[in-house]
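We have chain A; now place chain B with the ligands onto it with these hints.
Sequence lines, in order, name chains A and B.
Each residue of the first sequence is one higher than the one before, starting from 1 at the first, in the numbering used here.
Each residue of the second sequence is one higher than the one before, starting from 1 at the first, in the numbering used here.
Bear in mind the hints are in silico, worked out from the structure with no lab data behind them.
Just so you know, not all the hints are guaranteed correct.
Computed list of lysine-lysine pairs in DSS-like fashion (alpha-carbon distance at most 30 angstroms, straight line) [as the list claims (entries may be wrong)]: (1) A:Lys-225 x B:Lys-121; (2) A:Lys-88 x B:Lys-16; (3) A:Lys-123 x A:Lys-225; (4) B:Lys-121 x A:Lys-258; (5) B:Lys-121 x A:Lys-114.
Residues from chain B that keep clear of chain A, each with C-beta distances beyond 10 angstroms, as calculated [unchecked claim]: (6) Ile-19; (7) Ser-51; (8) Arg-57; (9) Phe-83; (10) Gly-87; (11) Lys-163; (12) Ser-166; (13) Met-174; (14) Met-186.
Backbone N, C-alpha and C define an ideal beta-carbon position, used for all residues, glycine too.
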Amino acid sequence: MGEKTQVGAGARTGDGARADGGAQAGGGARDDTAEVIIRLTNLHKSFGELSVLQGVDLTVERGQVVSIIGPSGSGKSTVLRCVNGLEKIDRGVVEIEGVVVAAVGTPGAKPAPKEQIRAVLAKTGMVFQSFNLFPHMTALQNVIEAPMTVKKIPKARARELGMEKLRRVGLDDKADAFPSRLSGGQKQRVAIARALAMEPDFMLFDEPTSALDPELVGEVLDVIKSLAREHMSMMIVSHEMGFTREVSDRVIFVDNQKIVADNPPERFFNSPEHPRVAAFLDKMLN
Amino acid sequence: MLIDDRLGFWQYIIDKMPILINGIKTSYLLFFAVLLIAAPLSVLAAVAKVSGPRAVRALLNLYTWAFRGSPLVLQLSLVYYGFPYLGIVWQPWTVALVVFSLSFAAYETEVIRGGIISVEKGQYEACRVLGMNFFQTMRRVVVPQAIRRVLPPTCSEVIILFKDTSLVTSIALMDMMRTAQRIVIMDLRIDAFIAVLAIYLLMASLTVSVFHRLERILNASVLKEEGS
Ligand SMILES: Nc1ncnc2c1ncn2[C@@H]1O[C@H](COP(=O)(O)OP(=O)(O)OP(=O)(O)O)[C@@H](O)[C@H]1O
Ligand SMILES: [Mg+2]
Numbered sequence: 001m002g003e004k005t006q007v008g009a010g011a012r013t014g015d016g017a018r019a020d021g022g023a024q025a026g027g028g029a030r031d032d033t034a035e036v037i038i039r040l041t042n043l044h045k046s047f048g049e050l051s052v053l054q055g056v057d058l059t060v061e062r063g064q065v066v067s068i069i070g071p072s073g074s075g076k077s078t079v080l081r082c083v084n085g086l087e088k089i090d091r092g093v094v095e096i097e098g099v100v101v102a103a104v105g106t107p108g109a110k111p112a113p114k115e116q117i118r119a120v121l122a123k124t125g126m127v128f129q130s131f132n133l134f135p136h137m138t139a140l141q142n143v144i145e146a147p148m149t150v151k152k153i154p155k156a157r158a159r160e161l162g163m164e165k166l167r168r169v170g171l172d173d174k175a176d177a178f179p180s181r182l183s184g185g186q187k188q189r190v191a192i193a194r195a196l197a198m199e200p201d202f203m204l205f206d207e208p209t210s211a212l213d214p215e216l217v218g219e220v221l222d223v224i225k226s227l228a229r230e231h232m233s234m235m236i237v238s239h240e241m242g243f244t245r246e247v248s249d250r251v252i253f254v255d256n257q258k259i260v261a262d263n264p265p266e267r268f269f270n271s272p273e274h275p276r277v278a279a280f281l282d283k284m285l286n
Numbered sequence: 001m002l003i004d005d006r007l008g009f010w011q012y013i014i015d016k017m018p019i020l021i022n023g024i025k026t027s028y029l030l031f032f033a034v035l036l037i038a039a040p041l042s043v044l045a046a047v048a049k050v051s052g053p054r055a056v057r058a059l060l061n062l063y064t065w066a067f068r069g070s071p072l073v074l075q076l077s078l079v080y081y082g083f084p085y086l087g088i089v090w091q092p093w094t095v096a097l098v099v100f101s102l103s104f105a106a107y108e109t110e111v112i113r114g115g116i117i118s119v120e121k122g123q124y125e126a127c128r129v130l131g132m133n134f135f136q137t138m139r140r141v142v143v144p145q146a147i148r149r150v151l152p153p154t155c156s157e158v159i160i161l162f163k164d165t166s167l168v169t170s171i172a173l174m175d176m177m178r179t180a181q182r183i184v185i186m187d188l189r190i191d192a193f194i195a196v197l198a199i200y201l202l203m204a205s206l207t208v209s210v211f212h213r214l215e216r217i218l219n220a221s222v223l224k225e226e227g228s
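Bound-form chain A, shown alone (with noise of 0.2 angstroms):
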């Protein structure tokens, strides 16, 4: 976290802290109270030989929109993976909601029950870069599946809610289109659908634009965009710096095995203190 300012007294609900939106001047500053949704410690992940993160610590708190930017190679898809179980951790302790939903190598931490983690993890969104839809079903069909296999909700009510999260990202006249048929962005937003689906209580992105055609990344975008104003808890991978900036409530900078830096994106963007982000920004934007 950035910010360790202390508030004296008179601590406020978490709601208020949203409110005021990046404004950290004086009283207005984080609410202690604010809940965290996701908590990484200490983590360690190697691939093989190959040591991806050594000691990432970082918390997301209810609401918060997180972007993780960085070098390519530099360990953002792993974070992200590992905060929803995609990859096994070598050390540290991931807590989603306060579950301890992975733990080795840490005294004291003891990873939850299965039940209990599958649960939280049920509550965990995500999407991918290369979107991964079901090729075999149609828009709609891919958007209900998991609601109807895991959770159990019947076809009608289930077709339901596919219709209304489909609606949600603008393609409810898609929903008999099989995948081959749609444009990447439609792919993506029908993915964005798919996840919404399962109700999540928060997101992961991971590059959702980067195998878009540059004139179909807006149209993914604005979705995003949207789940913000919403107050959707989420972390984002993206080289989109315009909408880094212009969404994040943090952006952190992943390098060198390490997060370099942790900032609102104000200071983030306009007075880095890191040379690499300096370093970083400067290609990207020029």
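Same frame as chain A, now just chain B with the ligands:
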């Protein structure tokens, strides 16, 4: 004996049918029984080979290696003539069913495994992050995609299986090929060969059309998957 030559093909074959029919029955019975036994076996083995524990995978590797690597005739002979030395005496039909099923399933296991691993990693990850468990993932996402890629090579395997039923003669079973051979040697005319040739070819066409139909049914509900 050569007087029979004057008999026309159809009349001759009808005359020989009472003998030939036993061989035909043997071939078909073996064929369908093996399909029935081997189909679930190969699906299970393929899934286990992809995602089972290490020891199970090693065992299955040994199995497919041995059965795909040695001639079917040799497998049949080893079991039929060799097992009695171990105190195991099986009827020819038992030997045929067991060995043919294991042999066919060995090939089909590899075919299905190929289909399963052709489904991208991203599909599994999508299921995983949606909270689907292993069986839901297999049943709803992996198998439906794998099955379409598995159909064409499976069709070939099935055609080969029907032709390979002729190898049961090595363990003293009379299939239609062997029966025809007997008739030809006895009567010194090859009409019986022509008859069984027709049956083999017909069966191949039938198999192909059944599989084409399956492919069409699947493609009707499932469009081509260029780019998911
Ligand atoms: N499954 C894996 N096996 C081996 N190495 C891996 C694996 N996944 C990632 N890596 C390696 O780990 C490093 C970090 O990968 P990661 O995908 O997290 O980087 P990234 O910051 O997301 O990069 P990019 O911007 O290119 O997506 C890279 O060097 C990558 O090659
Ligand atoms: Mg990445």
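Check your understanding: Honestly, which of those hints from before does the structure not fit?
Key -> 2
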